[in-house]
Amino acid sequence: MALTSARLLTRTVHEKWICAHSLTLRPLVCINKAAFYGEYRRPGQAQDRTPPWKKIRFSFAKGVQGIRKHFGLLKDEAMERWVGPQGRPLIEHMLEQTRVQWEFRGPESLEQWLVSTDREIGGRSEAYLKLGRNDSACMLYGTLCSTPPRDGETCYSGYCTLRSRQLLSSFDRKKNIDWSSFNTLYIRLRGDGRPWMINIAAETYFSHQKDDLYNYFLYTRGGPYWQDVKIPFSKFFLSSRGRIQDNQHPLWLDKVSTIGFTLGDKADGPFQLEIDFIAVCNDRAHTEEFAYEMYKRNPEV
Amino acid sequence: MNPYVLTTLILSLGLGTTLTFASSHWLLAWMGLEINTMAIIPLMAQQHHPRATEATTKYFLTQATAAAMILFASTMNAWTMGDWNINQISHPLATTTVTLALALKIGLAPMHFWLPEVLQGLNLTTGLVLSTWQKLAPFALILQISQNTNPALLTTLGVMSALVGGWGGLNQTQLRKLLAYSSIAHLGWMIIILQFMPALTLLNLTIYITMTSTMFLSLKIMASTKINSLALAWPKTPTLTTLIMLSLLSLGGLPPLTGFMPKWLILQELAKQDLPITATIMAMSALLSLFFYLRLCYTTTLTTFPNTNNTTSPWRLKSTQITLPLTITIILTLMLLPVTPAITTMF
Chain A
1 MALTSARLLT
11 RTVHEKWICA
21 HSLTLRPLVC
31 INKAAFYGEY
41 RRPGQAQDRT
51 PPWKKIRFSF
61 AKGVQGIRKH
71 FGLLKDEAME
81 RWVGPQGRPL
91 IEHMLEQTRV
101 QWEFRGPESL
111 EQWLVSTDRE
121 IGGRSEAYLK
131 LGRNDSACML
141 YGTLCSTPPR
151 DGETCYSGYC
161 TLRSRQLLSS
171 FDRKKNIDWS
181 SFNTLYIRLR
191 GDGRPWMINI
201 AAETYFSHQK
211 DDLYNYFLYT
221 RGGPYWQDVK
231 IPFSKFFLSS
241 RGRIQDNQHP
251 LWLDKVSTIG
261 FTLGDKADGP
271 FQLEIDFIAV
281 CNDRAHTEEF
291 AYEMYKRNPE
301 V
Chain B
1 MNPYVLTTLI
11 LSLGLGTTLT
21 FASSHWLLAW
31 MGLEINTMAI
41 IPLMAQQHHP
51 RATEATTKYF
61 LTQATAAAMI
71 LFASTMNAWT
81 MGDWNINQIS
91 HPLATTTVTL
101 ALALKIGLAP
111 MHFWLPEVLQ
121 GLNLTTGLVL
131 STWQKLAPFA
141 LILQISQNTN
151 PALLTTLGVM
161 SALVGGWGGL
171 NQTQLRKLLA
181 YSSIAHLGWM
191 IIILQFMPAL
201 TLLNLTIYIT
211 MTSTMFLSLK
221 IMASTKINSL
231 ALAWPKTPTL
241 TTLIMLSLLS
251 LGGLPPLTGF
261 MPKWLILQEL
271 AKQDLPITAT
281 IMAMSALLSL
291 FFYLRLCYTT
301 TLTTFPNTNN
311 TTSPWRLKST
321 QITLPLTITI
331 ILTLMLLPVT
341 PAITTMF
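In order, the protein sequences belong to chains A and B.
Per full-length UniProt numbering, the very first residue in the first sequence carries number 1; after that it's consecutive.
Per full-length UniProt numbering, the very first residue in the second sequence carries number 1; after that it's consecutive.
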């Protein structure tokens, strides 16, 4: 009896110790990646506890294909070094005043773009991307629904976004776009009168900058005529995770990663945006470096 | 920046370098290097731009690593040989470690990867300080340990730096990165001759500092950080445009400009030491560097680009920038070759 009580007592003490230390012991056993990297997990969704070695899908043929592809890209990069910057002669780099970066002329152009909506957080918006008539423009269309998902956490919903894929060089290294010769973004599009937001992502270094975007508004006219939009890069302001930052700085154009278009105007219903091309140009009349003056806050008097 | 803070930082920069110059003990030399690193960090980050912060972080990490390696190597030497004296470092592992640490500090290949990115994130004034003043203290140590270093290691570092500096600068359109690769190539020339005649290393360093200062100060006056903006700078300052062309040719090592002096003397010394193949490789790598210097000359001065600019005659206005340092450095960059005998007696 005494022995049983002693065993019970030690077990209870042991269990209490485990419970008290479980929160601290658990990270030592399996690291919560979401806490470290800030990944979004939908409320109510169980955490993915699959160990990394169980996620491997080994395929020898794919591996050989990958090796050939990446070494081919590496060889091209080494060869284009002899030609000039970004594989073009320097004279081209010096003389160009406009550059069409993305244009929609065939099905392969759609593969460079990613469409996403609030469906990923449980919302009910829809968005699709297809080529327009004569394969001459892309059309982003769908339906916006700002009803928030009923998960007890999310308060707002109703957005859709079209974002270009990150360019990759050999061995899946990130490749950035150099727009330092230009100062204006030039887009030819046809909207439906809704206000969009253009987001440009640049190369970042720190993990807390991974959601940094440079935004500006895009007001579409909605007419039957195509709209030429010219936005100087000096107008873009910095935001992080959708929140405009107090400390603003201009966008540095030598390492641009992606461009995106976001719709979130809280107006439920169908939307449509056609884009002919996205280009950059050098407007010599535009000499502004940054549109937003940063006054010293709390100046010493 | 608050002028008192700026003064403190600049004086600290001077203090750090002077400490390292004046020290014969490894710990004091290490302290001088650390003071230099700490003093320049706020100067680099004062721009409050993410790229400047990135450059500052990368610079701090590399310099701290190198300083830790120096401390480790000197401690190891003191433990095995019982000597803290800088020029008495004799344990082979310690000597190799400290050589590699100092190579990382100054940006010699293959430890050069931080230099272009760091320089790209800085403004031109801070970049000038980084490329010139921050090289003095590590070189003071390199010169003191030159007799005890591994010759094969020095030759490898030198040849690799000259080749990497030439190859890396080939397709650069950003001028700060171009000057970073130019710096790496020049450092290669300095290191290759270190084991035979350290005086030539010092001469090369002095002339390199003069020429690089000329380039940075010129770019600062023209407010140009890209090849495109440099190509359209001719209406702003026609005289400076011509002098920039000559300075670039001097950087490339063409006679009768100053830059030819160190290359000529180094190749002569390498030939005297029965190293014709090394001398040939160095001369060929200098051709790579000369290619991008000449390309800059071509775009800046030798051609008038058809691109229009809206600054038709700003050069008629008086400049508000101080031009005296640039004047002095330009004269030194262009006109010192005839006085080579006098200069060689000084070193």
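Calculated directly from the structure, the hints in this document are not laboratory data.
Keep in mind that this is a model prediction, so the values were computed, not measured.
A portion of the hints provided could be inaccurate.
One-sided and incomplete, this derived list gives chain A residues near chain B with beta-carbon spacing under 7 Å [what the hints assert, rightly or not]:
#1 G84
#2 G106
#3 S181
Just the calculated beta-carbon pair ranges, DEER-fashion [as the list claims (entries may be wrong)]:
#4 R173/A with L61/B: 40 to 48 Å
#5 G44/A with I10/B: 42 to 50 Å
#6 L287/B with F171/A: 25 to 33 Å
#7 Y156/A with P306/B: 46 to 54 Å
Even glycine gets a Cβ: it sits at the ideal position worked out from N, Cα and C.
Quiz item: Is 46 to 54 Å right for how far apart the beta carbons of Y156/A and P306/B are?
Solution: holds (52 Å)
Quiz item: Per the CB criterion, is G106/A less than 7 Å away from chain B?
Solution: Violated. Min distance 30 Å.
Exercise. For L287/B and F171/A, compare the CB-CB distance with the range 25 to 33 Å and indicate the outcome.
Key: The hint (25 to 33 Å, Cβ to Cβ) holds, given that L287/B and F171/A are roughly 31 Å apart.
Quiz item: Under the criterion of a CB-CB separation shorter than 7 Å, is S181/A in contact with chain B as hinted?
Solution: holds (5 Å)
Exercise. For the range 42 to 50 Å, tell me whether the beta carbons of G44/A and I10/B fit it or not.
Key: violated (58 Å)
Self-check item: Hint check: 7 Å Cβ-Cβ cutoff, G84/A to chain B
Solution: OK, holds: G84/A within 7 Å of chain B, min 6 Å.
Quiz item: Has the hinted range 40 to 48 Å been met by the Cβ atoms of R173/A and L61/B?
Solution: With Cβ atoms ~21 Å apart, the hint is violated.
Against the hints set out earlier in the document, violations occur for numbers 2, 4 and 5.
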